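Chains as they are written, first to last, in numbering that gives the first Met the number 0: chain A, 0 to 267; chain B, 0 to 267.
Derived by calculation from the structure, the hints in this document are not laboratory data. As the structure is a prediction and not an experimental result, all values here were calculated from the model. A few of these clues could be false.
According to the in silico footprint, chain A covers these stretches of chain B (three or more CB under 8 angstroms from chain A) [unchecked claim]:
no., stretch
1, 24 to 32
2, 126 to 137
3, 162 to 173
4, 233 to 240
Simulated restraints on C-beta separations [stated by the list, open to error]:
no., chain 1, residue 1, chain 2, residue 2, range
5, B, E241, A, K239, 27 to 37 angstroms
6, A, T57, B, D105, 44 to 54 angstroms
7, B, E24, A, Q67, 49 to 59 angstroms
8, B, P197, A, Q47, 38 to 48 angstroms
9, B, Q33, A, P197, 18 to 28 angstroms
10, A, N3, B, G5, 45 to 55 angstroms
Heads up, the beta-carbon is just placed ideally off N, CA and C, and yes, glycines get one too.
Protein chains: 2
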Amino acid sequence: MLTNIGSDRVRSVRALSRRAVREREGLFLAEGPQAVREVVRHRPEAIQDLYFDPSADTRHAELIAAAQAAGVSAREVSPEVLAAMCDTKVPQGIVAVCRPVDIDLDAVLAMRPRLLVILANVRDPGNAGTVIRSADAAGADAVLVSDSSVDIYNPKVVRSSVGSLFHLPIVTGVPVPLLLDRVRGAGVTLLAADGSGPRVLGDVDLSGPHAWVMGNEAWGLESGVPEACDGVVRVPIYGKAESLNLAMAATVCLYASAAMQRNGPTVG
Amino acid sequence: MLTNIGSDRVRSVRALSRRAVREREGLFLAEGPQAVREVVRHRPEAIQDLYFDPSADTRHAELIAAAQAAGVSAREVSPEVLAAMCDTKVPQGIVAVCRPVDIDLDAVLAMRPRLLVILANVRDPGNAGTVIRSADAAGADAVLVSDSSVDIYNPKVVRSSVGSLFHLPIVTGVPVPLLLDRVRGAGVTLLAADGSGPRVLGDVDLSGPHAWVMGNEAWGLESGVPEACDGVVRVPIYGKAESLNLAMAATVCLYASAAMQRNGPTVG
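Starting from the given sequences, assemble the full structure and let the hints guide the process.
Listed below in structure tokens is the structure:
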């Protein structure tokens, strides 16, 4: 059992909370049993190392066995070492050091996607993770994250995606104009979501292949994006609220798309 | 200008971050220009005192003038006093001490509501505030908060409701069984939202008066609640996500209700 919280290994895992280190090392952390379970289930080849403490040895015995069965090397560490490795205050006894899981834009477009989400300058980790979770729940084919958006391997994004990061294809690092251009070139209609959009969600035909383009949570869509899209669509506000937050708006749009693509159009 | 951060007044405002004090004093805090703007606009009679610092005197001059025009006494305080009064680290120069804005269940039922949300044991302040905001956005008639749920005057609820706390009627302090009984007795169909529900959102007739019953974020609906409702409905999960979070599920349900009540049913 590893017990030295000052070891190079512990320090190098802990350093993965910093984006520069994640990018240099090509590694990130999946913390806690839920994230670890999903990466073991869906992307075991992405796991470089798995660490667990004695509490997890009993509480998460099945998970550790499943990881080992998938060829993952799992090492027991003291609770102090585990806490020193993690960004969360309560890592719940288990953490996986993972290699990036994102894939190429070409690979996504080759799948002939019917429902996509594009994060164009989404900066808040909780919003990004929640939208990835919603996209997964609504059955979207992929999430495309611009180079100007938050790093999807930020521990808060990983946490708020609740495992969805490992469930559906995610593309990262592409500039917004190139993302829009390539997606549109693949025959996918671009719909920007914006509270000031001229079109209302319920009136838009969502039956064909399309992508929801979500802008920044504070200042919305950047200059040039609405013009590069086929339409700017607002979620209707029926009460006195000024807006929905980004994650809620994305969820409503994605579920409207899923309902129309799977069940046919709304009447009225 | 008040400058003594150790004064009784400052201490008594600061103490409103504690539920017991809020309940004893019958007061709570609306922090920051957005919350203050909404309470000034929609419920000025609820404001007991308004405090602002010299930065707000210029940045929020119109808001302060509007408050004064509505009969609110507004007092300038030093930035240190304002910070000492608040729960937020960055109160942005303005805060209002308010009296409760919730109303009686009888008054809500007398309005013959068509769309309600019932929070049955929702404990997380961010979730409660976000659901209140969604309910407002979707045009719900009221939000009914059980006595076992989080206090809606918790600073985090006020903040995450982004002003919606002052936009639509909110009932508090009623036990879940009584809430369900009274709402149902008023001819409102009770639909519990739960990921394990036998009915799927898209298949449920939402055209009549109904209430969405949201359970606890961790353990769902408490024993007896599904049985007391007319149906238990799940938001469909099309991908590999295990669930949506409470606020997202509530938002999708509420928008489905709004779409059906306002535009007619979905085909297929």
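Verification of the hints:
Using a Cβ-Cβ cut-off of 8 angstroms, 0 residues of the stretch 24 to 32 of chain B lie near chain A, which falls short of the minimum of three, so the contact claim is violated. Counting residues of the stretch 126 to 137 of chain B whose CB lies closer than 8 angstroms to any CB of chain A gives 7, which reaches the minimum of 3, so the coverage claim holds. Counting residues of the stretch 162 to 173 of chain B whose beta carbon lies closer than 8 angstroms to any beta carbon of chain A gives 4, which meets the minimum of three for the stated coverage. Only residues whose beta carbon comes within less than 8 angstroms of a beta carbon in chain A count, and the stretch 233 to 240 of chain B has 7; three or more means the coverage holds.
Checked against the hint of 27 to 37 angstroms, the pair E241(B) and K239(A) passes, with Cβ atoms roughly 34 angstroms apart. Under the hint 44 to 54 angstroms, the C-beta atoms of T57(A) and D105(B), about 53 angstroms apart, fit the expected range. Restraint check, E24(B) to Q67(A): a C-beta distance of roughly 58 angstroms satisfies the suggested window 49 to 59 angstroms. Restraint check, P197(B) to Q47(A): a C-beta distance of roughly 42 angstroms satisfies the suggested window 38 to 48 angstroms.
A hinted range of 18 to 28 angstroms for the beta carbons of Q33(B) and P197(A) is consistent with their spacing of about 26 angstroms. Between N3(A) and G5(B) the C-beta distance comes to about 47 angstroms, which sits within the given range of 45 to 55 angstroms.
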